[in-house]
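K.L.:
In this text, residue positions in the sequence shown follow UniProt numbering: the first is 1, and each later residue adds one.
Check before you lean on any hint, since a few could be wrong.
[Said to hold, decoys possible] Below, computed lysine to aspartate or glutamate pairings styled on EDC-like, alpha-carbon distance capped at 16 Å:
{"#": "1", "residue 1": "Lys-1002", "residue 2": "Asp-834"}
{"#": "2", "residue 1": "Lys-57", "residue 2": "Asp-138"}
{"#": "3", "residue 1": "Lys-1111", "residue 2": "Glu-1075"}
{"#": "4", "residue 1": "Lys-153", "residue 2": "Glu-207"}
{"#": "5", "residue 1": "Lys-153", "residue 2": "Glu-126"}
{"#": "6", "residue 1": "Lys-873", "residue 2": "Asp-836"}
{"#": "7", "residue 1": "Lys-57", "residue 2": "Asp-477"}
{"#": "8", "residue 1": "Lys-911", "residue 2": "Glu-939"}
{"#": "9", "residue 1": "Lys-361", "residue 2": "Asp-477"}
{"#": "10", "residue 1": "Lys-12", "residue 2": "Glu-581"}
{"#": "11", "residue 1": "Lys-984", "residue 2": "Asp-1072"}
{"#": "12", "residue 1": "Lys-456", "residue 2": "Glu-314"}
{"#": "13", "residue 1": "Lys-535", "residue 2": "Asp-388"}
{"#": "14", "residue 1": "Lys-535", "residue 2": "Glu-597"}
{"#": "15", "residue 1": "Lys-361", "residue 2": "Asp-297"}
{"#": "16", "residue 1": "Lys-616", "residue 2": "Asp-1072"}
{"#": "17", "residue 1": "Lys-361", "residue 2": "Asp-198"}
{"#": "18", "residue 1": "Lys-1111", "residue 2": "Asp-1094"}
{"#": "19", "residue 1": "Lys-1002", "residue 2": "Asp-894"}
{"#": "20", "residue 1": "Lys-580", "residue 2": "Glu-597"}
{"#": "21", "residue 1": "Lys-1091", "residue 2": "Asp-459"}
{"#": "22", "residue 1": "Lys-361", "residue 2": "Glu-281"}
{"#": "23", "residue 1": "Lys-361", "residue 2": "Asp-1072"}
{"#": "24", "residue 1": "Lys-456", "residue 2": "Asp-533"}
{"#": "25", "residue 1": "Lys-616", "residue 2": "Glu-1075"}
{"#": "26", "residue 1": "Lys-361", "residue 2": "Asp-301"}
{"#": "27", "residue 1": "Lys-361", "residue 2": "Glu-1075"}
None of these hints come from the bench; they were simulated from the model. Treat the numbers as computed from the prediction; the structure is a model and nothing was measured.
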Amino acid sequence: MSCSSLDSSDNKLFIYLSQDHTGVTFENNLTYNKELNPYTYRNFYNGGGVGIGDFNKDGLQDVFFTGNQVSNRLYLNEGDFRFRDITDTAGLNSEGVWSTGVSVVDINGDGWLDIYVCKSGSPGGENRHNELFINNGDSTFTEQSEQYGLDVKGLSTDAVFFDYDRDGDLDMYLLSNSFQSVTALSPQPGLRSTPDSDGGDRLFRNEMGSTENRSDGSPIFTDVTESAGIFSSRIGFGLDVLAGDVNGDSWPDLYVSNDFFERDYLYINSGDGTFSERLPELMRSISFSSMGGDLADINHDGYPEIFVTDMLPEPWARAKSKTAFDFWDDYSERFRNGYFYQFVRNTLQLNTGLLPGDGVKFREIGRMSGVEATDWSWTALFADLNLDGSNDIYVTNGIYKDLTDQDYISDHNSMRKLRSVIEDDQPVSILFDEIPSTPISNYAFSGTDSLVFHNKAKDWGLAKEGFSNGAAYADLDNDGDLDLVVNNVNSPASILKNQSEVVQPDQRGMTLQLQGASNNTFAVGAKVRIWIDGKLYYREQQPMRGFQSSVDPRLHFGFGQSETIDSLLVEWPGGGYTFKENIPIETSLVINRSEDEGSETSIDSRALSVKSSLPKPLFQNITASVSLDYSHSENEFVDFRRDRLLYEMHSTEGPASCVADINGDGLDDLYLGGAKGQAGRIFIQSESRVFSNLEQEALISDRDSEDTDCTWFDANGDGALDLYVTSGGSEFPSSSSSLADRLYINENGEFIRNSNLLPQSQYEIAAVVKAEDFDQDGDIDLFTGSRMQPFAYGVAANGNLLVNDGSGNFSNENEQLAPELRELGLLTDAAWMDYDSDGDSDLIIAGEWMPLTIMQNMLNETGQATFEELTQKSGLGESSGLWKSLLIADVNRDGRPDIIAGNQGLNSRFKASRENPLKLWVNDFDQNGSIEQVITQSEQGRDIPLVLLQDLRQQMPRIGSRVPDFETYSEMDMNDLFTQEELKGGSVLAANNLESAVFVNKGNGNFEMQSLPQEAQYTPLYAGLYHERSPENTAYLLTAGNLDAVKPLFGAYQSGYGTVLEFGENNINGLDLAESGFIVGGEVRGIHAVKSLDNLLFLVIRNNNSHIWFKQTD
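Sequences and hints are given; from them, build the entire structure.
P.N.:
Right, dumping it as structure tokens:
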């Protein structure tokens, strides 16, 4: 793409301006040598930053670039996108010093913007310390870092200035990248808490108020790192730091992105001069190689989301050849050692908003939002680039040498070459010349109100390929839209003009300049809320954002075609407000704190609604008031060690749980199952909400079985409830009697295992049991369904109709009643329903890699029940998914039962549609007697395997050996990888829909799919409860799920905190957590309504965790 001048007729949103027009000739050129190269300095290609500010107060934003092996440069904006280099006359030349981040800030409160530059590179040399350039007001600067106490030597990445103690002046967080070699460290426990005096992060408090009149030469900034609770260890490989109020308490918090194995930090400001690091409490999944980041409100609720970049390429081919994904054992060990759930992908943390008694939490929705993969990414910036009222995301990326190229890393010659350079004085070029260099386009994600983003880089004129690092946005021509400035490696810096006034003249944007108090003249930390037609636009004033960069110090808003601001509220840092109404939207607006500040009592009550109390929730957590001594404890078993090509484990899908009043006292009792080695237990409820264990020898004797489902029913017609428990767990072979289902007969409160063998032709891994008198003979029959065959995930398992003879003896009548149940699929759940309103019970079955399957009961006048499979005829034939759970309810209250089905959800790396289904190929590909599974993504008619080459070679050495390298493998589809003979005889399963949904019964034998709201798509749904709340007679669906045991290649599914959906007359609404009060983390496997003496209680059962209790509020 050629660069353009201002008279370009290019109709894109952005145009690249030529050096000839702008006069900006800065190029961050890098040349490695023996002393300084990517081996001796790991951040060699991290690049430089961009600083924006009006340094000469002429009303135009100027541009500062940091250079690594070249000098930093300052360009004055002279209008019309023409700039003049004043670096040398300004006293800013930095030849011979490796600069990284730039912070533009009025540090001394004189109204003139100063420049703080971080230094890194190889230790030693002149001016190696960070430098603070004080603006003299005449386009010259004086270096005064020592006087201010900020002349830090280290591997500094960036600095953010913010008023953490709200005393009116700006403090500083200094982000560092450890001197320590990563290869010399291992993720051991306790490293995080050990300070590193040479290279750790540091927090400096501004003492300007107490030292400005002192003459003893004391520095203005003092180091308060330790006393403030900041980690400053040698494993803090910091690459970005964000400051902002994430929990709405008006105290600025911090998010720190750490590279390599150390997890990120989320510091919550305690308001007393200290911070509490609470990331593990408030988030569930984070990026592994965290790089750049930004925070902003993307859903108009007044709470900022957090976006962090990583190194995952978008194309699967490039991901498989350029990315080093964790193996499960390494990932698990790091987690056990305190390094949390980290995955190689960008993460977008959706802020839940304020919750009752618990601050805020974050849901990671990057995969659902479509922003998880942007390659080796640096800058992340939220900004409304197209002025439509929604925040967009701009991401710079590229690494000049693909240092994680898997072929280069695995080449044994690489170490030989390294030794030859060190020992034989060979030229260093032999190490790096063979590493691929692939220019990559930056990304520009267009935001929407749906939280789904679309990459518009090509459409907007931003798809030029290169190697970009630091970037900043600024309204360089004061026309109300945002232009972009980008610092590139080994190519000229980019100046990109926003042409909104040409390509979309009806869209309106506005820059807002805040004039603050004397020691914080740019009002850093101020929060601005604007309302237009009931919609909230929220910004927080923090110019230090973008990788190693600082953006335009004026806030920017896009408003679409709106013409008037209804109301505007400024919450000034440290307290105080300004409120304005009915403001015409112009390209710029200035608000001065000293002139416009008012008291809180004089502000319109609508403007302060954000500070109001939380709504009364529908449900209240009452766990502390219920006595139940039970916690599920999962046994140690790793499916991936046996089946290396699986994408998730199937051994953590319990426990079983079921509810009934087994002693007839009007109070519900419980059966809660155990994992292998943990006996299931029966609990009897008392009137005081105490559940007492009814100890049973039979249950203890069967503790080696893993309980996956259960049901209470009267098996033998004696009026007492008996217990049926299915057995599963993927660790058992088909010969293991631990897989036998169990029937426990209730004999006056003692449960005796039925000595008669239940009809099972072979042992399978059971998933579900549902009781129903489907033949209407007066006794209760059963349906049981198998999750899979032992050691053979993907091979179809059976459903079973077990007919009761009235005395508790069961026979398998599949062949007579429903032969289609044989080898039906990978079953997960089932339910009985009279879908055709003929008075008998029909069967609906869910499973993975299969459609929802309906078996119509053809009960005749003589009482003979047979079942006909009607999946295609009922409109469910195209519903193939990864179904987890089923509920039956009349959601639209038309008298017909509908189906609520929990699916994988949309927040995963998997994408599925009818045109491009997700597939699972199942076969003994290498003919060694064991079954393998290869999952593929369909792309342009080709089936691309989503398994790592390392796993393929270990699982199928003969097949893997024919693939010479990662690059070859990255381009292979299934027909390239396997011969037609090897593919023959296997099965190919497909999923074309991953959304959880309601299937509405139309009354004509057909169902119509209606997707559940977005709140139900964050995670796989393993459990649900449909509840009609009295007295308002409103129906709600309580759902939850999550799955931790997923390969790091795909990342765990942990974004669910429980969801409540409200069913209206014609719609389904998702409630936020504050409204519902139904807040549950962990891996939920059961939600039950439990009758107590005075309330209906709600029990949540979780895998490898404790239980949670709720009641509905009055």
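K.L.:
Could you work out which earlier hints the structure fails to respect and list their numbers in ascending sequence?
P.N.:
Result: hints 4, 9, 10, 11, 14, 17, 21 and 24 break, sorted rising.
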